[in-house]
Amino acid sequence: MKELLEAGVHFGHQKERWNPKMKRFIFTERNGIHIIDLQKTLKYFDETYDYVANLVANGGTILFVCTKKQGQDIVKEEAERCGMFYINKRWLGGIITNFETIKKSIFKLKMLKKMEEEGIFEKLPKKEAMKLKRKKEKLEKYIGGIENMKRIPDALFIVDVVREENAVTEARKAGVPIVALVDTNADPDLIDYPIPANDDAIRAIRLLTSRIADAVLEGKMRKDAIKLAEGEEVEEEVEFIPEEE
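Numbering follows numbering that gives the first Met the number 0, with no gaps: position 206 of the sequence shown is 205.
Among the hints, a few may not be true.
Straight-line distance between alpha carbons at most 20 angstroms, and here's what the computed DMTMM-like set of lysine to aspartate or glutamate pairs gives [as the list claims (entries may be wrong)]:
(1) 14 <-> 186
(2) 88 <-> 188
(3) 20 <-> 5
(4) 134 <-> 153
(5) 135 <-> 153
(6) 39 <-> 79
(7) 172 <-> 186
(8) 172 <-> 115
(9) 172 <-> 199
(10) 22 <-> 5
(11) 103 <-> 136
(12) 88 <-> 139
(13) 67 <-> 115
(14) 135 <-> 164
(15) 135 <-> 146
(16) 126 <-> 116
Think of the hints as simulated: they come from the structure by calculation, not from any bench.
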């Protein structure tokens, strides 16, 4: 509870911006700002943590989504830390509902990266090489976080469901469960596993996103333990090392 308070998880939006469906998660109003009931936050987070850990323990995958500036780096860092996928720049239509088309873009990205690694860019005319390099950088920017995603995810973790409306719509259409932070301006009925929380403050985003990543890691440990108990080999994960700028 102390961590939640220090991170400002309890601060909602101005009362004028509220969604009445969030009423059950609101503790009070202070200076025109709705204050989220942190007892509810803890209750719903515990349920969500268990869901995520169990999902991953059974081989499930999660796509982390946050395109708002204050959460972009956090989502990238935490998704990479727990070995999951992420979208942190812009949600491209079809990531869930038309993944076959997205896979073509992923294939292009991999081919361009391979060409660059093999020094093919250097052998091309400067103008053509620059064109291909810009294409690679653009693809990397928007789909680099799902480059190794071979199928649609088993669940989404979303930081701001109002901003990520398109992601929510696609997930619901495809029947993909949604785990999300729901601020006082959101519609919690659209979310399978809502966590009532401030979705704007950097500290709040970092705290809760890191805990979701922890749940993923716990799920992976359980999965490995089951494999060991059944006599299967456990795949050794390679620690992600970010490229130098």
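Return the numbers of the hints above that this structure violates; sort them in rising order. Going through the list in order, the structure violates hints 2, 3, 4, 5, 6, 8, 9, 10, 13 and 14 and respects the others.
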